[in-house]
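Protein chains in written order, with the working numbering: chain H, 1 to 669; chain L, 1 to 203; chain R, 1 to 184; chain V, 1 to 340.
Label-pair restraints from in silico Cβ distances: (1) H/Gly64 / L/Ile101: 39 to 45 Å; (2) L/Arg6 / H/Met12: 50 to 56 Å; (3) L/Glu81 / H/Ile645: 25 to 31 Å; (4) V/Lys340 / R/Lys177: 54 to 60 Å; (5) L/Ile101 / H/Leu660: 19 to 25 Å; (6) H/Val644 / V/Ala96: 53 to 59 Å; (7) V/Leu240 / H/Val172: 54 to 60 Å; (8) V/Asn141 / L/Ser123: 47 to 53 Å; (9) L/Tyr32 / H/Glu16: 37 to 43 Å; (10) H/Ile645 / L/Thr71: 27 to 33 Å.
Sample of chain R residues facing chain L (criterion: CB under 10 Å; computed from the structure): (11) Ser157; (12) Arg158; (13) Ser163; (14) Gly165; (15) Thr166.
No farther apart than 35 Å at their CA atoms in a straight line, the calculated lysine-lysine pairs in the DSBU-like style are these: (16) V/Lys147 / V/Lys289; (17) V/Lys340 / V/Lys327; (18) R/Lys130 / V/Lys327; (19) H/Lys34 / H/Lys661; (20) V/Lys147 / V/Lys234; (21) V/Lys147 / R/Lys130; (22) V/Lys289 / R/Lys130; (23) V/Lys289 / V/Lys118; (24) R/Lys177 / V/Lys318; (25) H/Lys661 / H/Lys47; (26) V/Lys289 / V/Lys256; (27) V/Lys340 / V/Lys234; (28) H/Lys34 / H/Lys658; (29) V/Lys256 / R/Lys130; (30) L/Lys18 / H/Lys47; (31) V/Lys318 / V/Lys234; (32) L/Lys18 / H/Lys661; (33) V/Lys318 / V/Lys289; (34) V/Lys256 / V/Lys147; (35) V/Lys147 / V/Lys340; (36) H/Lys658 / H/Lys42; (37) V/Lys124 / V/Lys289; (38) L/Lys18 / H/Lys34; (39) V/Lys340 / R/Lys130; (40) H/Lys658 / L/Lys18.
Just so you know, these hints were derived from the structure itself, not from any lab.
Quick reminder that beta carbons are idealized off the backbone N, C-alpha and C, glycines included.
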Amino acid sequence: MTDVRADSFDAMPAEERERIRVEEENRRLAQERKKIARDGPKLRGAKLEARLEATWRRPPGIIGWLATVDHKEIGRRYIITALLFLALGGVLALAMRLQLARPDSALIGAERYNQIFTMHGSTMMFLFAVPVMEGVGVYIIPLMLGTRSTAFPRLNAFSYFMYLFGGLLLWVAFVLNIGPDVGWFAYTPLSGPQFSPGKRADIWAQMITFTEVSALAAAVVLVCTILKARAPGMTLARMPLFAWAMLVQAVMIIFAMPAIALCSSMLISDRLIGTNFYNAAEHGDALLWQHLFWFFGHPEVYIIFIPATGFVSMITETFCRRPVFAHAVVVLALISTGILAFGLWVHHMFATGLPRVGYSFYTAASMSVSIPTGLQIFCWLATMWDGRPRFQVPMLYVVGFIITFVIGGLTGVMVAAVPLDLQLHDTYFVVAHFHYVLIGGAVFPLLGVLTYWYPKITGRMMSETLGKITFWLTFIGFHMTFFPMHWSGLLGMPRRVYTYPAGLGLEVPNLISSIGAFVLATAVLLFVLNGLFSLYRGAIATPNPWGASTLEWATSSPPPVYNFAHIPVVESDTPLWDVEGELPVVTGLRVDEKETLLTTVVAATPDVREPIPAASLWPFISAIAVGIVFIASIFSPWALAVGVIPCAIALTAWFWPKELKRHPEPVIS
Amino acid sequence: MILEPRFTDDVSDLPTHKFGPSSLTWWGVLGYMVIEGAAFALAFAAYFFLMGHEQGWPPEGRAAPDMLAGTIFTIVILLSEYPNTLAKRAARAGDVAAIRILLPVMVAIGAVLLVIRGFEFNSLNCRWTDDAYSSIIWALLLLHTGHILTDWLDTVVLAGLMFTPVAYEGRRQVDVDENSMYWRYVWLLWIPIYAMIYWVPRL
Amino acid sequence: MSSLFRASLLATAVAGIALAGCNREEHHSRAKPIGETVPAGESPDTIFPGSSSAPALDPRAALYDNNANAIAQGQQLYLQMNCVGCHSHGGGGMGPPLMDDEWRYGGRIDQIATTIAEGRPNGMPSWRGKLTEDQIWDLAAYVRSLSGLPSKDAVSSRAESMSAGTPQSLTPHGEIKNSDSAQQ
Amino acid sequence: MTWRTISIAPILPLLVGACSYQHYQSDFGNGAVEDTQFLTLFWIFIAVCAVMYLLVIGFLFASIARRGRAEANVVEVGRHHWSHPLMRSTLMGWGALIGVGLTGLAIASFFTDRSMAKAATGEKLSVTLTGNQWWWDIVYNSADASKTVRTANELHLPVGMPTRIILHSSDVIHSFWVPSLAGKQDLIPGRENDITIVPRKIGIYRGQCAEYCGAQHAHMALVVVVDSYPDFLKWWQHQLQPAPMPTNPMAMAGYKYVTSGPCGACHHIGGTPASGLVAPDLTHLASRKSLAAGTLPMSEGNLYGWVEDAQSLKPGVKMPTLAMEPKQLHAVVAYLETLK
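Please put together the full structure from these sequences, using the hints given.
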């Protein structure tokens with residue numbers, strides 16, 4: 001039979017032969033598919049974990065370090081790099097406070113001080129606040145959702161390297177005395193071609209391009225992970241509040257960051273090839289910059305604050321031994337804060353002479369955004385009222401957060417009113433306001449949550465006594481630094497002045513602020529020491545040291561490379577509290593290749609088995625190629641035209657499969 | 001004390017690829033489409049913001065861009081939807097032979113469009129340094145050119161990949177499906193830009 | 001194609017550029033006035049016909065040539081001192097054009113500074129005493145940028161005013177031709 | 001800053017002496033109708049915010065110190081969802097309270113805005129203020145062109161009469177702000193903003209640029225003198241007079257240097273050939289209370305310091321270092337002091 005078929009085979013047309021060949025290949029692959037090892041009752045325990053470890057481990061050495069796609073390693077890097085930039089920005093803040101401690105002080109010259117306050121603002125906003133929230137999210141979300149990796153892990157690695165190169169660009173330029181000196185907001189025409197000669201403002205604008213590409217990439221990664229990779233059974237209603245916070249934050253980044261991408265590119269083109277977007281003499285408008293910048297600027301501060309509300313919810317839930325009161329109200333408050341944040345950017349421009357009727361709309365909008373946050377605070381307090389709060393260090397930071405942030409929120413309501421804002425805008429009163437809502441509102445919860453998840457990340461507990469000392473020092477240092485700024489603002493001290501004359505009554509508040517700044521600095525130093533000290537001396541952490549309810553505490557501390565041997569199943573919104581002894585799991589994922597489970601968006605029913613890409617150097621190489629093109633495009637517009645080629649090559653190699661042959665089940669090598 | 005697993009059900013027979021919102025890359029492509037949409041929406045807002053300042057648009061007697069190149073471009077890009085839809089259906093049907101014909105056609109159409117776009121840049125009757133009007137028009141055209149160029153390069157790489165044996169894997173057909181979805185987005189965005197560059201100055 | 005080659009060269013030498021940028025951005029706000037290397041009284045005879053070799057460059061040139069801040073100050077002075085009246089925005093009018101490569105009295109920065117300080121026949125007024133040395137050198141730096149002589153990284157692409165011509169950052173790198181048509 | 005400025009600085013309050021220094025440049029100066037209305041609204045906001053804050057902190061400390069709860073770490077399965085039945089209605093109440101509070105504050109702010117606008121009608125005087133990098137160019141407009149006055153860095157306002165200040169900028173964005181009088185308005189190139197002030201109290205106030213405008217943003221201040229209406233008219237007449245010709249030989253030598261030398265290229269002195277328009281008008285320099293846009297109080301020592309080496313007092317300022325011999329410096333300062 002076969003020989004008859006053989007000679008008639010050659011006579012058939014090409015498509016016919018192709019079809020038959022493909023069918024035979026399909027049959028062969030089906031056999032091989034049956035032989036694939038999968039986890040389950042037959043393959044479990046230490047044997048399974050050993051094989052999973054071998055499959056998921058990244059290549060060793062520096063190549064492996066650069067090629068890793070493990071969300072935990074990338075998350076750790078994000079957090080450590082962001083904390084380094086926090087320290088650098090903090091040192092700049094100390095320099096500013098030293099200069100402002102005394103009137104007419106000659107410690108730091110005008111140009112140097114202007115560079116320092118620009119670097120302080122840009123570093124804190126773009127290189128510390130957003131990336132550290134991304135870092136914590138990238139590390140914790142996959143664990144909290146019960147999956148083995150984020151979506152698009154290579155894009156995640158690329159996002160970290162772009163963030164790192166952006167930070168290096170800004171700080172190397174600052175050290176080489178070509179750092180920006182136009183403020184973190186770079187209003188035109190001061191940042192325009194005529195009044196900012198040289199490459200200072202270009203370097204600021206290009207740093208924005210780097211960090212916004214990184215934040216957008218990380219946002220897409222987080223949205224896809226939260227929507228598609230949740231554990232079976234974790235419906236949207238059962239999703240933890242921190243996952244809701246990161247989802248809202250990521251969607252806000254996707255809508256807000258393009259605004260600054262557009263206006264910083266328009267600024268670079270104005271400065272490099274002579275376009276006239278912001279040139280009032282050639283039909284442009286200086287306010288176009290302010291509108292586009294603040295359309296991004298205000299959502300940016302909520303992008304920093306909303307993950308912090310997620311932190312507070314998780315800490316309050318765990319340390320009050322009960323789920324947050326009115327879960328749905330907190331989720332709706334998060335979503336409405338995210339939406340409302342896009343409608344109030346003009347409150348930064350009350351003094352620019354726009355029509356007054358428009359201003360009253362923005363006053364109302366700016367006030368209304370405090371309602372959802374007010375409800376959230378009520379829900380946390382109600383959780384403490386009905387729960388059994390244990391005031392360990394993370395919970396102390398939540399109490400410090402509530403005391404501090406509500407003051408910042410109320411001063412925010414004050415500057416929302418036009419007649420008040422015309423006196424308070426661009427004075428130290430506003431400096432006090434935004435430090436209350438950014439340090440009080442985001443850094444306090446961040447310190448709390450770093451203490452809370454430290455055992456999960458490192459396997460060791462941070463010291464409780466040192467933690468309490470650090471908290472009180474932070475709290476006192478913060479209020480000593482920033483409360484007097486309300487007073488110096490009301491006494492008429494404008495922002496961004498490198499000195500002030502004696503005799504205006506500003507000496508006392510500025511001196512107190514300067515002393516407080518050093519107290520706050522020692523507190524942050526103490527926190528870092530506590531972190532480093534506990535790495536080696538800290539008590540060994542059990543998988544669930546705080547007795548929390550979310551899935552990240554269901555795996556070991558620190559978690560294995562593959563996070564979960566079997567993908568857990570969720571049956572309530574506080575899984576670990578409602579499980580009697582045994583964790584329900586689903587089985588059947590491959591063991592010889594990296595694979596995780598995708599579930600449907602709303603009901604989280606198992607949907608698709610998704611292969612996870614292997615570690616690869618290409619994201620790092622692509623980041624270098626894109627980075628060089630960005631930096632070279634400061635010096636010549638041709639760099640973009642020439643640079644597209646290396647970037648296209650690197651990105652194609654990133655996507656191109658290693659061996660061009662079919663596998664029984666798809667593998668991303 | 002890690003909890004003992006209680007085995008509920010087995011997912012080994014789930015598929016490894018699906019079309020539409022069940023696929024992870026569909027959400028990734030959607031994410032980037034929203035990002036670019038936000039950027040274009042803000043560019044449109046900047047365009048009308050700058051236009052709001054002027055009595056005449058284009059200002060003081062500058063000629064509006066010539067229609068020829070732009071209109072040809074629009075016709076060709078709208079016609080390209082036909083092979084694009086065929087490619088999308090072929091991808092859903094898993095018909096690799098058809099894909100191997102249609103993707104090179106899309107690559108060719110993309111190349112033709114990029115050439116027409118070159119003529120469009122010449123027919124703008126202004127240089128980006130003249131005034132804010134010329135700057136924003138050049139910016140819009142350049143942004144959309146970037147948009148076409150990136151998707152064209154995607155299609156070239158994907159077409160190359162479809163000629164390898166890997167083409168028969170389901171995930172690659174999902175890629176073709178999503179690339180067609182993205183191409184629809186490219187010409188959908190072109191319509192308002194076309195109106196703003198060629199028609200609004202003539203109102 | 002040279003600029004394409006130059007762009008790729010730029011892409012590889014980014015660190016070098018950053019270091020070179022050190023003095024491009026130098027803000028020497030001249031807390032103390034610069035020592036007078038050239039005695040103010042006697043005007044140096046820097047006009048040298050094409051054949052003889054040019055004297056050594058004035059040491060102050062390094063402070064002003066290719067310095068972004070000097071060019072920006074010069075740009076503002078160019079408008080404030082009404083140089084536009086005769087030279088318009090570099091295209092020339094009553095005074096000779098400054099955008100072309102022809103220099104009757106020398107295109108080096110110290111020669112331009114001397115032209116501004118001493119004045120020239122046929123209508124160029126002497127600004128010595130009206131402008132300080134430092135302002136004259138700023139103006140000289142800007143005048144050189146009108147014809148694309150300094151590096152592209154130091155010049156600004158446009159002023160916050162009506163755009164007079166193609167941005168300096170895009171004009172090709174110029175060179176100096178000593179024009180002998182001084183008699184016009 | 002050389003030791004000279006540090007030694008001079010403490011003299012400033014003594015010089016100002018007249019009004020206590022607290023309200024020289026502070027929101028509580030209450031020097032104009034606008035600032036009074038700001039203060040009333042300010043205290044309303046403080047009161048409402050204080051009440052809300054006490055409620056939150058009260059609830060916080062109550063829930064911290066609440067006794068009678070099992071401290072046990074045990075989480076009763078199923079029970080932990082229980083909440084106090086009143087909590088849900090308290091949540092609604094709290095939301096309503098915030099809504100009502102904010103609506104009240106918004107309405108109060110809206111009415112304050114309207115009353116400020118109403119007070120600003122019927123302007124008697126119009127002044128054009130042009131912001132430059134780091135000084136204020138002030139022109140008192142008048143229907144009769146010969147009556148317009150150009151001065152710099154010092155604004156005289158008649159008490160009780162609304163004055164409309166038209167705000168232009170010749171370079172970057174600045175912000176006109178005299179805290180004791182009224183809120184701030186930006187000076188934006190390519191736009192014309194304006195602010196109307198109705199001074200209430202005679203006195204000397206100080207304002208400062210409130211929008212970051214470059215190297216010397218910190219030293220872009222202006223002195224505002226609120227006079228009675230007769231004094232104001234006397235000041236205006238005096239400003240219309242050209243600079244008097246100097247009599248003594250030292251001032252004469254200074255006059256020759258200033259009008260023929262570099263000063264005339266940028267500065268304008270009425271009645272002399274010095275006719276530059278790109279720097280502050282010096283016709284009545286010595287009558288002003290401050291020097292270099294509020295950086296230094298007006299005194300002979302400061303005149304010497306400023307003319308001789310402005311860069312060391314205000315690094316980056318557009319005034320060049322003139323490198324004069326001491327003889328010339330004495331002559332120039334002697335002449336400048338005659339420009340009363």
